[in-house]
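Q: Residue-level listing of the chains:
2 protein chains.
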Amino acid sequence: MTNHLKQFIDENLPKIEAELYDLVERIKAPQSLKDSMLYSLKAGGKRIRPLFVVAVCDLFHNKQQEALSVGAAVEMVHTYSLIHDDLPSMDDDDMRRGKPTNHVVYGEALATLAGDALNTLSFGVLARLENVEPQKKVELINLLSVASGAEGMVGGQVLDIDGESRSLNLPELEHVHINKTGAILRFSIESGAVLSDATKEERAALVEYAHHIGLAFQIQDDILDIVGTSEELGKTAGKDVQSDKSTYPALLTLEGANAKLEEHYDFALSALTKIEKNTSLLEEFASYIVKRNN
Amino acid sequence: MTNHLKQFIDENLPKIEAELYDLVERIKAPQSLKDSMLYSLKAGGKRIRPLFVVAVCDLFHNKQQEALSVGAAVEMVHTYSLIHDDLPSMDDDDMRRGKPTNHVVYGEALATLAGDALNTLSFGVLARLENVEPQKKVELINLLSVASGAEGMVGGQVLDIDGESRSLNLPELEHVHINKTGAILRFSIESGAVLSDATKEERAALVEYAHHIGLAFQIQDDILDIVGTSEELGKTAGKDVQSDKSTYPALLTLEGANAKLEEHYDFALSALTKIEKNTSLLEEFASYIVKRNN
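From first to last, the protein sequence lines stand for chains A and B. Taking UniProt numbering, the leading residue of the first sequence gets 1, the next gets one more, and so forth. Taking UniProt numbering, the leading residue of the second sequence gets 1, the next gets one more, and so forth.
Just so you know, the hints here were simulated from the structure itself, not pulled from any lab data. Where hints are given, some of them may not hold.
[Said to hold, decoys possible] Okay, derived cross-link-like pairs now, SDA-like style, lysine to any residue, Cα gap no bigger than 20 angstroms in a straight line:
| no. | chain 1 | residue 1 | chain 2 | residue 2 |
| --- | --- | --- | --- | --- |
| 1 | B | 34 | A | 163 |
| 2 | B | 28 | A | 171 |
| 3 | B | 239 | B | 92 |
With the rest of the complex left out, here is chain A (with noise of 0.2 angstroms):
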């Protein structure tokens, strides 16, 4: 990681995070409830996506408080997909990060719960946004609706489920993550231009960046689940593999998947160039993804 991005990280990821919390702790609900939520939210993480949200608005100069909260709200929306992805009757999985999953410290009905109330929040803090104008509230809201559910995200988890059952082609499994992780990260890296009232030509090329660095995102998580450790991860590494699981690695082999995100490194880095600023961090962002080992 370059000083710069790391610079970039240390200044807003406290920032990011307190305002998490805060956005939580603040609501009137059942203790029990709150409590299982925000285990989830303060069990770690990159915080890429809210990183996301503020490093587009950095590219405009726009420091707005608001950003964080954007940030926050997409963050409460992956700790929720998290949270059910790892039910029993889900993934099943007992940990997450080096500790033990929702479930297992609340118990399945808290956290199916948890998982709903975090998401519902998640429009709630969009809907309460000081200083944004109701219309790009209504835009950043209608793009996480359909970022986050049955056409993004969620649609996504499906189709992941559905190909559990069978072996995908490539085009098959990139449809995959195009919903299950792509689509969230696009909102990250969207809503930081709608807020920053980008022009039509440096949203676009935005998108095409987020586009990009979510399949290479994914990517480098089949590599990592291959040549990483479960220390190094914090989740049980060689899944994919035992499970016969459809992967880039899989599909492709070690190095052909290497292959392939360096091509989506590329073409990441290529779509900046249609804007007329200085990306360098967003340059160095997409850097981390492709060489991050956890």
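Got chain A; can you put chain B on it based on the hints?
A: Just chain B, lined up with the frame of chain A:
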């Protein structure tokens, strides 16, 4: 049921259901997910919540199409809560409205995801309302998020689960219901007021009406569990007594619960007298809720 109310329902129920199904059918998502979402949406029910949205708009001679979409959004939230509530880790119900529950037909994973998708879609529907100013959409989205999330419905479900392990007193039981079922009913009625530009006073009176109608509805539910048959209810009768659940009849005797029901009915009607309009439809609606046998 009066002829007037029957005519209102006969006219609006088909429109509400058409809008509800259409909103799901037109999204681009995996067919299995759409099937699972539509299965529960089509499983019937009285559609009281969307009918209330339309009935309140009717009070203000507001005939706009958008009331149907707002009603559909509330029905999606209500339906998602039932799907999750029926899961084995929650109430573990195999039957609902005389049909196998969602997870019995589609499996727990898809049922969980169909619930998530309906929750998310409801906010998208509000964001995409046509002919409604952005500021109003934001207000509706904020109201729905509060009503259905940790501070409302989901919070009430947590209180309800907490309450299963001990006896609740009357204020505690009321607190559960005000959140678990009352908040969404209140949204149905308040959203009609927002759509129709009701005055502050009219809106406050409608919210008061909603509060008492919500409690009356729940007391009648508790009573029907004792005096109704499984056939009438489309679900197992006598479940509350069997599980030793805190209910109005358990706390107040059946006679006392009936008296409490009448009390809330009277308060609801008296709230309507503060509105200088023809509120007969809402009066009849109140009576219908109190007299219903399923």
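Q: For every hint, state whether the structure bears it out.
A: Now the hints, each set against the structure:
no., hint, in the structure
1, B:34 <-> A:163, "holds, 17 angstroms"
2, B:28 <-> A:171, "holds, 17 angstroms"
3, B:239 <-> B:92, "holds, 12 angstroms"
Checked against the numbered hints listed earlier, the structure breaks none of them; every hint is satisfied.
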